[in-house]
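**Q** Could you slot chain L onto chain U? The hints should help.
There are 2 protein chains.
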Amino acid sequence: MSLRTHTCGALRADHVDQTVSLCGWVNSYRDHGGVIFIDLRDREGITQVVFHPENADAHATGDRLRNEDVVRITGTCLRREEGMANPKLVTGEIEVDARQVEILNKADTPPFTPDDAARTGEETRLRYRFIDMRRPAMQNILRTRHRVAKLMRDYFDENGFYEVETPFLCRSTPEGARDFLVPSRLQPGEFYALPQSPQLFKQILMSGGIDKYFQIVRCFRDEDPRADRQAEFTQLDVEMSFIDQEDVMNTHEGLMRRIWKEVLDVDVPEIRRMTYAEAMNRYGSDRPDLRFDLELIDVTDIAKGTDFKVFTASIEAGGIVKAIRVPGGAKLSRKETDTLAEWVKQFGAGGLPVSKRENGAWSTGIAKFIEPVGDALAERLGAQDGDLVCFGVSNKPAVVHRVLGELRIRLAHDLGMIRDDQWEWLWVIDFPLVEWDDDRKRWHSLHHPFTSPNPEDMDKLESDTANVRSWAYDLVLNGSELGGGSVRIHDTETQKRVFKVLGIDEEEARAKFGFLLDALRFGAPPHGGIAFGLDRIVMHLCGTTNIRDVIAFPKTQNGADLLTEAPSEVDLEQLKELHLRVNLPQPAATPTPTA
Amino acid sequence: MSLRTHTCGALRADHVDQTVSLCGWVNSYRDHGGVIFIDLRDREGITQVVFHPENADAHATGDRLRNEDVVRITGTCLRREEGMANPKLVTGEIEVDARQVEILNKADTPPFTPDDAARTGEETRLRYRFIDMRRPAMQNILRTRHRVAKLMRDYFDENGFYEVETPFLCRSTPEGARDFLVPSRLQPGEFYALPQSPQLFKQILMSGGIDKYFQIVRCFRDEDPRADRQAEFTQLDVEMSFIDQEDVMNTHEGLMRRIWKEVLDVDVPEIRRMTYAEAMNRYGSDRPDLRFDLELIDVTDIAKGTDFKVFTASIEAGGIVKAIRVPGGAKLSRKETDTLAEWVKQFGAGGLPVSKRENGAWSTGIAKFIEPVGDALAERLGAQDGDLVCFGVSNKPAVVHRVLGELRIRLAHDLGMIRDDQWEWLWVIDFPLVEWDDDRKRWHSLHHPFTSPNPEDMDKLESDTANVRSWAYDLVLNGSELGGGSVRIHDTETQKRVFKVLGIDEEEARAKFGFLLDALRFGAPPHGGIAFGLDRIVMHLCGTTNIRDVIAFPKTQNGADLLTEAPSEVDLEQLKELHLRVNLPQPAATPTPTA
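Protein sequences appear in the order of chains U and L.
Per numbering that gives the first Met the number 0, the first sequence starts with residue 0, numbered consecutively.
Per numbering that gives the first Met the number 0, the second sequence starts with residue 0, numbered consecutively.
With the rest of the complex left out, here is chain U (with noise of 0.2 Å):
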């Protein structure tokens, strides 16, 4: 504004001969034979600023000028000498001949430079975040992520939808991830607890007649660590009024389809639909990865003719076997495939049978067992020579779903199966409503328990529990999901029918979800919705897999933010008020030396 004239990425041949200020860092500096260049970094780009020994003052203070100190300066854009043009820059045509150069603010020395990010440790960058911002890349998803929250925004305004705050401070209820509490002191002993989501309250607005609403909000949950995870998250939240399953998706539909569109210029076409049975029997998973096939393809009735203890033991005990035919699979060592058998088995497997196709004939693995049923096999599987084809088989054909899963995806990681380009979409529709859990020896839902059966199986609620599907619905992208919603149950009657269900009796709905209960009776449309991780959609965007790239402040998987050293303790004063006593384990009673 008025202390500078231009930013650092606005200079081109139109302004030369103009005088101009420009404020930034210095992200370089040069000395060539007295003559000094320095590279000016702001938000919007780098200009070279040049320091000519006639020009005394300018040149004097140019020359005591080091990485990261924050100048203003002012000169002539000059077009740079023929041949010195830097076509990397946008302002490389040109070059601002320093004549007065004022220090707004001497830097120490960095710890590292913007430049050196890259080579400096994630530790290091989140404690010094400020440095680490000044990054171009990182400059990039702060304004990326700026544009995406800015065109949800347009988009919702635009279809009729508003903008409501839900609270910070709510009601702990004990569904579902952990709560982070906040103690009261207004009313001592009783506690507030951070949003998980909004999900009650945005039922609540529909039911309070605002009709479509969405909100771009933080929400919270105390869970263990992983990589992939923050306390805090960001969630773009959507209800609607008088609406079905069709409406929520096609809203969103378009509006995926802006944000690719004005974001990276790419079309989102029609996305398909998937039932979640086909999702499972095809992919092994409710958020299939489409950019390459590896398809599983059930075998069972061919294993069944085998004399493989492996896959006849199992499928006698009820289970399945499954196989995928990796396209140039053969390629891979016995090591490699050992590997893979080692790994698998995190996800319930035994091992994993191989075997190759290797001129018109099974070879190595379990080829000598399927020889048996090995032309039915390859006809099933469309076995060609070069293929590798890795076996799934588990007495539970969930197990069999969830190895093969995870297995295609590594393998298609591993031979280099998916392209950097590639956008696969997908609608996992039709979610069982409830799932059997089996420690607790009761149904959990599996999206909510406000999400509505499908009509048409109401009348299995109670007698086929298992094969009712609901009203829910992800949006997968490239295997990840995006975000997930459901059509609610609007009506007092059903809602009592699917807590008992899950084993919520009366008196407990009452205590926990009372208020939901009176905003259906006294009135509540049919509604629903659904929620997106924004961290997520920027980190598609921005093609990267670190969550804490995307967000300003992040934490460490611990909880901490290196930055500012949160959490920390607090004076015993605060925890007085609070009515509050810190209670830590105690340490190992070191032993009493004996007299």
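Everything labelled a hint here was simulated from the structure, so no lab data went into it.
We put the beta carbon where it would ideally sit given N, CA and C, even for glycine.
It is possible that part of the hints are untrue.
[To be verified] Residues from chain U that face chain L, not an exhaustive set, calculated with beta carbons under 7 Å:
#1 VAL69
#2 ARG133
#3 VAL163
#4 CYS169
#5 ILE203
#6 SER206
#7 LEU263
#8 TYR275
#9 PRO524
#10 PRO525
#11 ALA565
**A** Frame of chain U, contents of chain L only:
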């Protein structure tokens, strides 16, 4: 969407003869000789639906409808009969002749209806907020709030600002108001704090080269109950680099101009500026309400010439006497001025000397005491017949300002001097950097410790601290502070000097604000910003003085959410995982009966 062809606010004469489907709530029900009329309500308006006995099925269902039932109606849009149009409704020219009715959700008899809300206590309305929210007035507020946030985001986006999200799980800094604490489970015995504002993060963003930042963000203060406060409130938070105070003020003047124009069609003129010193002298407040005059006029020199002990003793003790001339105030009775005299005591006044101007002379009150200087006083004040004059007197000038500052506001309201359509904008500038905290015997930042002193006053930072001006500014509308900000200190040396003046030693500064000092010394640009209360802005735009009206899910003064009944007790297991124990004060012991 698919359930309806139009909203309840959409149909006009143009739609006559079309078949339409509407969804909404039954707002009222009338039976006129067997023909049933209902008003169907949704977010967009009300449409009259008529059920003729000829359409037997629809009529039978229509006959069962009651208030707040949720229905879907399909029928024909008809022009109302001659003379039956309702000019109060935008849909008043038409009605829908119902052919099919679907009861989407039959409502239980609600505790109150949206039309009744005005006659329903606030507690009941908050308990059933989903009904309260169906009121057109409440819907209008939430729509306005959405629009204001959207206008802000559009404006900042157009002006090159990025919206960047800052953390909610922060470090506790025992400065300012009380923090809400969040126990960390992964770091037992340690706590996060919810942010009182993203102040330090936005300064870090400037050091990180983000250049222009804004965010609409929830902030938290655990303060004691007060009617116009919420523990969580929403702030428009802004920071800019390479700017001066004028840049920040101009940017936000433009923002306010856009919002007031778009929402209310009101033009905001160039906003005048007033120094803090002038505001205190003339209006006794740093956020003067300029919708009326009632200026404070210094009459100390004249009062010195009276024999009125109250005046002379205070003046001798270093105090001052100021007066407010109240045009037409002579009509106030003795009882009324006595009430005022009692009322001002809460602001530190000993009483409220008054006199009236009648027939060119002073009468009543302290008339006889001011007689000797009567003409000089009348001339100074420009007193005219019918005026009341109120005197503020104290040996502490600050008390005089406070008393008369509050009094002028009350008088303006009592005497009806304020029109509804008045918008008086003001920038207050040149705030003192610090004020003396007599309790803690140290200087205290008027804005916050990161506010830049005015460089012109840097040489007296240590020697004449009380008179150092800062680069801080507040935007005031109709006597209410909409927002405030400052240019920040951007170099380590100045920041250290200011910390020292505030009695924060190097060790403490390092412990509390080490990361900020690092951000400054490794290259922070000159920067400054501002923050506005979004709740307050929406209150002004919607003409309400109740902060709970502009928040979808507000809390009561005690921090309770009556809808969800937060806060609440939590499971012992949850506390155990956090290594916390609740330690409530013991109730007084019941005396043990002696045996």
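**Q** Please verify that hint: ILE203 of chain U, Cβ, nearest Cβ of chain L, below 7 Å or not.
**A** holds (5 Å)
**Q** Does SER206 of chain U pass the interface check with chain L, least Cβ-Cβ distance below 7 Å?
**A** Where the cut-off is 7 Å and the nearest Cβ of chain L is about 4 Å from SER206 of chain U, the hint holds.
**Q** Could you check if LEU263 of chain U really has its C-beta closer than 7 Å to a C-beta on chain L?
**A** Since chain L brings no Cβ nearer than about 19 Å to LEU263 of chain U, farther than 7 Å, the hint is violated.
**Q** Any CB of chain L closer than 7 Å to the CB of VAL163 of chain U?
**A** holds (5 Å)
**Q** Take the shortest C-beta to C-beta distance between PRO525 of chain U and chain L; is it under 7 Å?
**A** holds (6 Å)
**Q** Holds or violated: is there a CB of chain L closer than 7 Å to the CB of VAL69 of chain U?
**A** Holds, because the Cβ-Cβ distance from VAL69 of chain U to chain L comes to roughly 5 Å (cut-off 7 Å).
**Q** Against chain L, run the beta carbon of ARG133 of chain U and see if the smallest gap drops under 7 Å.
**A** Where the cut-off is 7 Å and the nearest Cβ of chain L is about 4 Å from ARG133 of chain U, the hint holds.
**Q** Does the nearest C-beta of chain L fall within a distance shorter than 7 Å of the C-beta of PRO524 of chain U?
**A** This hint holds: PRO524 of chain U lies near chain L, its Cβ roughly 5 Å from the closest one there, short of 7 Å.
**Q** Would the hint on CYS169 of chain U be counted as holding, given a Cβ-Cβ threshold of 7 Å to chain L?
**A** CYS169 of chain U check passes; min Cβ-Cβ to chain L is 6 Å, inside 7 Å.
**Q** Do the numbers back the hint for ALA565 of chain U, that is, is its least Cβ distance to chain L under 7 Å?
**A** Holds, about 4 Å.
**Q** At a threshold of 7 Å, is the proposed contact between TYR275 of chain U and chain L supported by beta-carbon distances?
**A** violated (23 Å)
In summary, the numbered hints that this structure violates are 7, 8.
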